[in-house]
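Enquirer: Residue numbers for the sequence shown follow UniProt numbering, so the first one is 1 and each next one is one higher.
It is worth saying that the hints were derived from the structure and are not from the lab. None of the values given here were measured: they were computed from a predicted structure. A few of these clues could be false.
[What the hints assert, rightly or not] In silico lysine to aspartate or glutamate, EDC-like type, Cα no more than 16 angstroms apart, as pairs:
id	residue 1	residue 2
1	Lys405	Asp326
2	Lys387	Asp406
3	Lys83	Asp72
4	Lys417	Asp340
5	Lys426	Asp406
6	Lys176	Glu240
7	Lys387	Glu427
8	Lys83	Glu297
9	Lys319	Asp160
10	Lys91	Glu315
11	Lys230	Glu137
12	Lys91	Asp295
13	Lys587	Asp160
14	Lys426	Asp442
15	Lys230	Asp295
16	Lys417	Glu439
17	Lys247	Asp205
18	Lys426	Glu397
19	Lys83	Asp295
20	Lys177	Asp98
21	Lys65	Asp50
22	Lys206	Asp160
23	Lys426	Glu439
24	Lys176	Glu156
25	Lys319	Glu57
26	Lys149	Glu427
27	Lys405	Asp442
28	Lys91	Glu297
29	Lys78	Glu297
30	Lys136	Asp98
31	Lys65	Glu315
32	Lys447	Glu427
33	Lys405	Asp362
34	Lys178	Asp161
35	Lys555	Asp544
36	Lys417	Asp399
37	Lys417	Asp381
[Unchecked claim] Label pairs and their in silico Cβ distance ranges:
id	residue 1	residue 2	range
38	Ser523	Glu226	53 to 63 angstroms
39	Ser312	Thr55	17 to 27 angstroms
40	Pro138	Glu75	32 to 42 angstroms
Quick reminder that beta carbons are idealized off the backbone N, C-alpha and C, glycines included.
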Amino acid sequence: MSFIHAKLCLSKTIQRLQLITRISHSVETNDYEMSHTQPITEANNTITTDIDVATAEGIVTLLRKCDAEIFDGWEGHKGLFHKETMDKLSKLAILARDMLQNPSGYSIVLSGCGTSGRLAFITARSFNERLKNSGKEPIYDYLIAGGDKALFTSQEAPEDDPHIGIKMLRESCEGKKKVLYIGITCGLSAPFVAGQLDFCLQHLDKFTPVLLGFNPTYLARNLPIEKWNKTFLQVVKELEAAEHAGKGFILNPVVGPEPITGSSRMKSGSATKILLETIFTAAHSSAFNPEVPWDIETLFRSYQAVYNTVYSHTESVGKLVAIAGDSLQNGGSIYYIGYDTLGLMGMTDASECPPTYGATLDDVRGFIASGYNFLRNKEGDLSSNGKYFRISINDFEKDILPSLKDRDLVICLNTAKSLPSLAGLKESRCKRVMLTFTELPDEQLSKFDFVISLCLPIGDATLEPWQQLHREIATKWVLNAVTTGAHVLKGKVFQNIMVDLKVSNNKLFHRAVGIIEGLGKTSKEHARMFLLRSIYHTEHLTPDQLEAPIAQHIKVASSQNKIVPVALVAAILNSSIENASLLLDSKPVIRVAILQALHSQETDLS
């Protein structure tokens with residue numbers, strides 16, 4: 001080997017080693033780095049930087065550390081246990097208590113988009129059921145952008161329309177004399193909620209507006225809202241003035257960045273459930289059991305105890321994550337079967353996978369006992385909208401069970417001491433797992449390949465009537481870990497950033513270019529070229545392809561898989577689209593594929 005050739009090889013080796021370092025630690029330097037203007041809910045969490053190259057159990061361990069920030073706080077910001085947070089919760093509990101004691105003409109309205117709207121529905125349903133079972137008048141209502149269809153599928157357009165939000169709130173509160181309104185938007189950003197808050201602020205004689213989210217107020221979105229005259233930040237400023245006057249609330253403890261960047265279904269969703277249930281558990285206890293003392297900190301500690309119990313089973317949950325990952329990687333599906341409100345958690349987790357991970361509606365689905373008879377949603381039976389709205393266990397037995405394969409996974413979620421019969425499940429070739437909170441007889445457990453049994457602490461005896469809420473959040477933590485881990489193992493993320501998105505509209509086309517530009521450390525123009533080459537599966541774009549409108553690119557791309565990962569790998573390695581595609585076929589985890597390719601190149605050089 002000549003001196004010049006050796007020097008060139010050494011130079012290339014150094015460059016590639018630098019690239020490996022950059023790939024391993026780019027979260028510290030890439031364009032996703034949090035600045036003082038970036039919402040905390042959209043920032044990278046350094047805890048999970050290496051979640052994409054972790055084992056299944058390692059993924060759960062990282063999620064445990066990340067979820068701890070819900071209770072431990074984040075970088076000095078006020079958290080759940082901050083005095084200001086607990087004081088506001090106490091005041092809201094007293095306000096709700098007074099409405100519960102004299103319900104005539106009063107309403108408690110919970111509203112949000114996506115995950116926030118689903119949690120609004122679950123909370124309103126749960127506490128209305130408690131009132132009805134006690135012979136009392138239900139006063140809770142829920143609003144979700146896109147209506148009840150959004151309980152199962154993403155409905156993005158209504159989320160961006162404040163006028164739709166105002167119309168739904170106005171109709172919900174017709175004839176009410178006093179309304180406690182809680183608008184949930186984890187990032188302080190949803191126009192649907194902004195419109196409703198603004199409407200409340202114009203009618204403070206009737207409404208007490210509450211904003212629930214997880215960013216400091218100065219990080220509320222300050223971008224123009226189409227066909228409206230305010231930004232979310234402007235609405236927040238008006239609400240701050242109302243709060244100062246004792247006519248509104250801003251409830252915004254900071255729980256830190258999400259484990260998968262921007263996936264507010266995770267920590268923010270869990271914190272939302274904890275906060276709402278704490279308010280109304282305290283309110284119901286105070287209204288109907290005034291002799292029993294309660295305090296906000298005790299309620300928070302009970303949820304923290306559930307968190308500790310769930311993650312004490314990290315090894316078992318990790319095993320379930322591995323099984324789920326294997327199913328998705330081999331083209332199988334994950335099905336949740338629930339017999340009570342745990343089924344609601346399964347359905348919610350399933351509904352969040354398509355918008356979060358670009359999953360298909362068949363990848364993860366949830367089914368529940370008697371379907372809409374149990375759900376009791378406002379719009380009733382939606383099954384005529386198609387197969388993804390067929391949600392009963394009978395529907396599962398008819399539509400899914402006969403065609404289950406060994407690559408599919410069924411997870412049963414159970415609270416009861418005896419499991420209802422699920423005809424044919426034991427004979428099916430699919431993988432069968434049980435998550436249970438009670439002891440079951442051996443003959444029922446024998447139907448399953450794997451069982452996770454969680455024995456939750458009750459703590460104070462006054463909390464025993466609320467144990468189902470604890471089982472629900474425990475189920476949420478487990479199922480969030482299952483689908484997050486499974487999609488990570490499938491190669492949907494790079495570091496902790498979801499990159500395998502469907503290029504299915506204009507917004508997502510530009511987002512894809514931004515991902516390739518930021519993580520590939522290339523120019524916007526080069527990033528666009530790599531994306532187009534991946535869309536058209538070519539190294540040489542024709543003039544027609546180059547000059548085509550974005551709508552044409554979207555039409556070609558929308559039905560394809562792994563468009564962005566292939567383009568990203570090609571950009572980072574400066575390789576052909578064909579080689580990048582072959583590489584991901586053999587190693588679906590993006591960073592593992594890149595590092596293997598670099599290692600192979602170094603071996604060839606040596």
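Enquirer: None of the hints should be skipped; say for each whether it holds.
Expert: Hint check:
1. Lys405 - Asp326: holds (13 angstroms)
2. Lys387 - Asp406: Violated, at roughly 22 angstroms.
3. Lys83 - Asp72: holds (14 angstroms)
4. Lys417 - Asp340: holds (12 angstroms)
5. Lys426 - Asp406: With a Cα-Cα distance of about 12 angstroms, the restraint between Lys426 and Asp406 holds, given a limit of 16 angstroms.
6. Lys176 - Glu240: violated (25 angstroms)
7. Lys387 - Glu427: Outside the cut-off at roughly 24 angstroms; violated.
8. Lys83 - Glu297: Within the cut-off at roughly 10 angstroms; holds.
9. Lys319 - Asp160: Answer violated: Lys319 to Asp160 is near 39 angstroms, above 16 angstroms.
10. Lys91 - Glu315: It is violated: about 41 angstroms lies between the C-alpha atoms, which goes past 16 angstroms.
11. Lys230 - Glu137: violated (37 angstroms)
12. Lys91 - Asp295: holds (12 angstroms)
13. Lys587 - Asp160: Given that 16 angstroms is the threshold and the Cα spacing comes to 38 angstroms, the pair is violated.
14. Lys426 - Asp442: OK: Lys426 and Asp442 at ~14 angstroms, within 16 angstroms.
15. Lys230 - Asp295: violated (38 angstroms)
16. Lys417 - Glu439: Holds. Lys417 to Glu439 sits at ~7 angstroms (cutoff 16 angstroms).
17. Lys247 - Asp205: Holds: Lys247 and Asp205 sit about 9 angstroms apart, inside 16 angstroms.
18. Lys426 - Glu397: holds (13 angstroms)
19. Lys83 - Asp295: Holds. Lys83 to Asp295 sits at ~12 angstroms (cutoff 16 angstroms).
20. Lys177 - Asp98: Answer holds: Lys177 to Asp98 is near 14 angstroms, not above 16 angstroms.
21. Lys65 - Asp50: Roughly 13 angstroms between the alpha carbons, so the hint for Lys65 and Asp50 holds.
22. Lys206 - Asp160: With Cα atoms ~25 angstroms apart, Lys206 and Asp160 exceed 16 angstroms; violated.
23. Lys426 - Glu439: violated (19 angstroms)
24. Lys176 - Glu156: Answer violated: Lys176 to Glu156 is near 29 angstroms, above 16 angstroms.
25. Lys319 - Glu57: Given that 16 angstroms is the threshold and the Cα spacing comes to 7 angstroms, the pair holds.
26. Lys149 - Glu427: violated (33 angstroms)
27. Lys405 - Asp442: Judged against 16 angstroms, a Cα distance of about 25 angstroms means the pair is violated.
28. Lys91 - Glu297: Measuring from Cα to Cα gives roughly 14 angstroms; hence the hint holds.
29. Lys78 - Glu297: holds (15 angstroms)
30. Lys136 - Asp98: holds (14 angstroms)
31. Lys65 - Glu315: holds (15 angstroms)
32. Lys447 - Glu427: holds (9 angstroms)
33. Lys405 - Asp362: Judged against 16 angstroms, a Cα distance of about 14 angstroms means the pair holds.
34. Lys178 - Asp161: Not satisfied, since the Cα-Cα distance of roughly 25 angstroms exceeds 16 angstroms.
35. Lys555 - Asp544: holds (15 angstroms)
36. Lys417 - Asp399: violated (27 angstroms)
37. Lys417 - Asp381: Not OK: Lys417 and Asp381 at ~29 angstroms, beyond 16 angstroms, violated.
38. Ser523 - Glu226: 53 to 63 angstroms: Given about 29 angstroms between the Cβ atoms, the range is violated.
39. Ser312 - Thr55: 17 to 27 angstroms: Distance hint for Ser312, Thr55 holds at roughly 18 angstroms.
40. Pro138 - Glu75: 32 to 42 angstroms: Holds - the Cβ-Cβ distance for Pro138 and Glu75, about 41 angstroms, lies within 32 to 42 angstroms.
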